[in-house]
Amino acid sequence: MIEEIGRTTEGDLIINIGPQHPATHGVLHLVITLNGETIKKVEPHLGYIHRSIEKMCESLSYRQFIYVTSRMDYLSSHINNHGCALCVEKGLQIEVPLRAQFIRVLMDELTRIASHELWWGAMAMDLGAFTPFFHAFRERETITDIMEKTCGARLTMNYIVPGGVMAELHPDFQKDVKRFIQLYKSKFEEYNELVTGNVIFQNRMKSVGVLSKKDAISYGCTGPVGRASGVFCDIRKLYPYDIYNKIEFEEITETEGDSFARYLVRLKEMQQSIRIIEQLLDNIPEGDFQAKTKAVLKLPKGEFYQRVETARGELGVYIVSEGGTTPYRIKFRSPGFSNLSALEHMVKGLKIGDLVAAMGSLDLVIPDIDR
Amino acid sequence: MFSLENITRFIHEWLNGHFNPTFALFMEFGLVGVAAITLFAFLGLSLVWMERKVAAVMQIRIGPNRVGPKGIFQTTADTLKLLMKEGLVPDGADKFLFNLAPFIVMIVAMLILAPIAFAKNIQIWDINIGVLYLSAVSSLSVIGILMAGWASNNKYSLLGAMRSGAQIVSYELSAGLSVLSIVVMTGSLSIKDIILSQQNGWWIFKAHIPALISFIIFIIAVTAETNRAPFDMAEAESELTAGFHTEYSGMRFALFFLAEYINIFIVCAIGATLFFGGWMPLHIGNWQAFNHIMNYIPSSIWFFGKTIGLIFLIMWFRWTFPRLRIDQLLNLEWKYLLPISMFNLLLMTVVAIMGWHF
Amino acid sequence: MLNEDLKFKFTEILPAVLFEEGGEWLNVLVPPEELTPFVKQLRSAEGLGFDYLFCLTCIDWKTHFTMVYHFSSTQYRHNIVVKAKIDRNNPEIETVSDIWRTAEMLEREVYDLFGVIFLHHPDLRRLIMPDDWEGWPLRKDFEDPVNMIKL
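Residue numbers (my numbering), protein chains in the order written: chain U, 1 to 371; chain A, 1001 to 1358; chain R, 2001 to 2151.
Hints may contain errors.
Claimed, not checked - Residues from chain U that face chain A, not an exhaustive set, calculated with beta carbons under 10 Å:
hint, residue
1, F134
2, N198
3, G353
4, A357
Just so you know, these hints were derived from the structure itself, not from any lab.
Keep in mind it's a predicted model, so treat the numbers as computed, not measured.
We put the CB at the ideal spot given by N, CA and C, even for glycine.
Could you put the whole structure together from the sequences, leaning on the hints where they help?
Given below as structure tokens:
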């Protein structure tokens, strides 16, 4: 930090945004070098919520480490658990029953909608409109109520285990989800009218934080960030897991790569998630919700990599096993980490207001980055 | 019928009857001062309560409802809490300016209260350049804001104060031009004359299209002048934590906070006076019977009703729109609002000369 | 491209590569000195087009480190894993951040947690740990009596 001050030119202002700040979603510390209102350099300082998850997992068994991963990207906790469970199943060659696969995908998509809702509310709040936040949370409450009835928890639902899911769905699940879908479809026009069509929002988001396709690939941006720049990177389509290859849905991409494109991609993804849920809801087959597995899991010697599509992008779970009951090394390739590395490139030369809009559109969750 | 005039006349005669005229005058000064400060405090408290309730309704919740019936004592409780808080002066701050800034903003707000007519013949000071006085004195609040930002010794405050200063100075032009267009129709700068000229109908109805354009520009400009959303870049919560009043706590913060709401009241009062007739009831041309019925409603109720309607409009903006970026804000003023208001002034002059108004 | 074709192409580019068996994707073992020309060819050679580096990490086998790079191509949709063994006592390797920008922060993380020095990296500093932290946390011999609880 001290060297930075020496490298700046006369008249530059260095300000800190965060770590405690209403706009950074989590504890992110940005050191910004400003010339007037124009940004010259943005430097993220991470580590405020580093909990050494990777080191901890080296002493946890294969059944235990999944619960720690819910706390990484807590807004898409089901999907994190799903990725870890799939990796373990890959190593042990476990066959997951069809019913469990349906339940897992349903939970994933509900989580994706909940995550995007929170993103929408928080982004509108960053830009100064306080009302959409309440509307978004109203919808999110319905989803977390459904989660609570089935999984027992509202945020870190440790529901997906190697072999299937932990418990049976609660009896009212289909009724509740149908009610939610009906409620949600009517709200969607409200969202578009209130926020998407508003001229002030569009002016704040268009041409702000442009990321070209080449840069998106080079910076490793996946998820809605990559797709808004035109990169086809939906893991659900490219390397389908569970029953994604049997469901019909579209991969949403835009070409401009600015904040407004990222915004539209996420809104349309919510609609696609609703489509997936509708296809699955009435057709859940009967059967077991969990495959029979041994009590203590031991992965064979080797390396296993599994990718899943979280609400933020591609999560990679890389397990190196030496044949014991605990992994030798686990690496989580977190989507937020790569998305954040593109931030400086996106906002150089823009104003602070644009930094907030760009950061909001990246949808960062800092515990995901720091692990 | 009830009228505040009776009370003031009674007090005036009583004082003059019992003391010599100079002393009576000084007593009246004192009474008016006390009344103004009371009005200030009362307005500050009720407007904050109103804002919270309006916000709650728009955000599908209830708002304060515990302290007192429907939560009306919530603001009193909050102000008491602020009074009891420690008022920190940051280390490297310029002590004199730091302490002076909230007072300047408050004093300016009080000064502007003088020419406003609250009811028929209830006006503290009917100066013959009423509107000009209002414009001139309201510009002084920028000094308070810049002082607050500079003296805080904080980069965020400085950024916020600079933005705010640029914004207020720019939008005063549009506000001034809108006000000027009504003055063109009235032919006088004095507040009393402007209100009396609306005897046969409010200007927004009489001078139709140009007055409507003026009104819209006026509302946009005063929202920007009082640093309200969607123009609240200067105190943008999610970016600069609190802008120019980040470092203020306790009583000084309470002064800034209340002064903001008083400012909103004052600009809405000016808007109500110029465009909607102030305390003048709704009269339509020569319909004597209708006008006579309208006169039964006391003029103070007319005035406060209109002002509160405009305040509600401004609060509605805040909870609906996101905020504009600072360069978009200044763009809006210099490239769009200013040319439109200049053109509108011309249009209004033509309408006045040719007599195309009602 | 199929694994066989990739193997052929890689051996063409750099004869000293070894291939590991097992594993979902083709594992290529490269000597660390030859890493830079090899990965440059990965990016630019036709038919390969590996423009997406999606995982960069390091594994501490107690006698040596292994740098692991996972590459993918957005055009041809094939994935490979490139590994390089480096010396544990003097861990140094050339950076790839000039070819893939995502490697800047990923390599900083590896430096922070393992102590691997990336030559010619534009800005090699600690990322997650505090700036004045001593030690390399993710190494197997990292001892911290205050913060680590051994069960």
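Each hint tested on the structure:
About 4 Å separates the beta-carbon of F134 (chain U) from the nearest beta-carbon of chain A, less than 10 Å, and the hint is met. With a cut of 10 Å, the hint placing N198 (chain U) at the interface with chain A holds, because the nearest CB-to-CB distance is about 7 Å. At a threshold of 10 Å, the smallest CB-CB gap from G353 (chain U) to chain A is about 4 Å, leaving the interface hint in force. Interface restraint check for A357 (chain U): the shortest CB-CB distance to chain A comes to about 8 Å, inside 10 Å, so the restraint holds.
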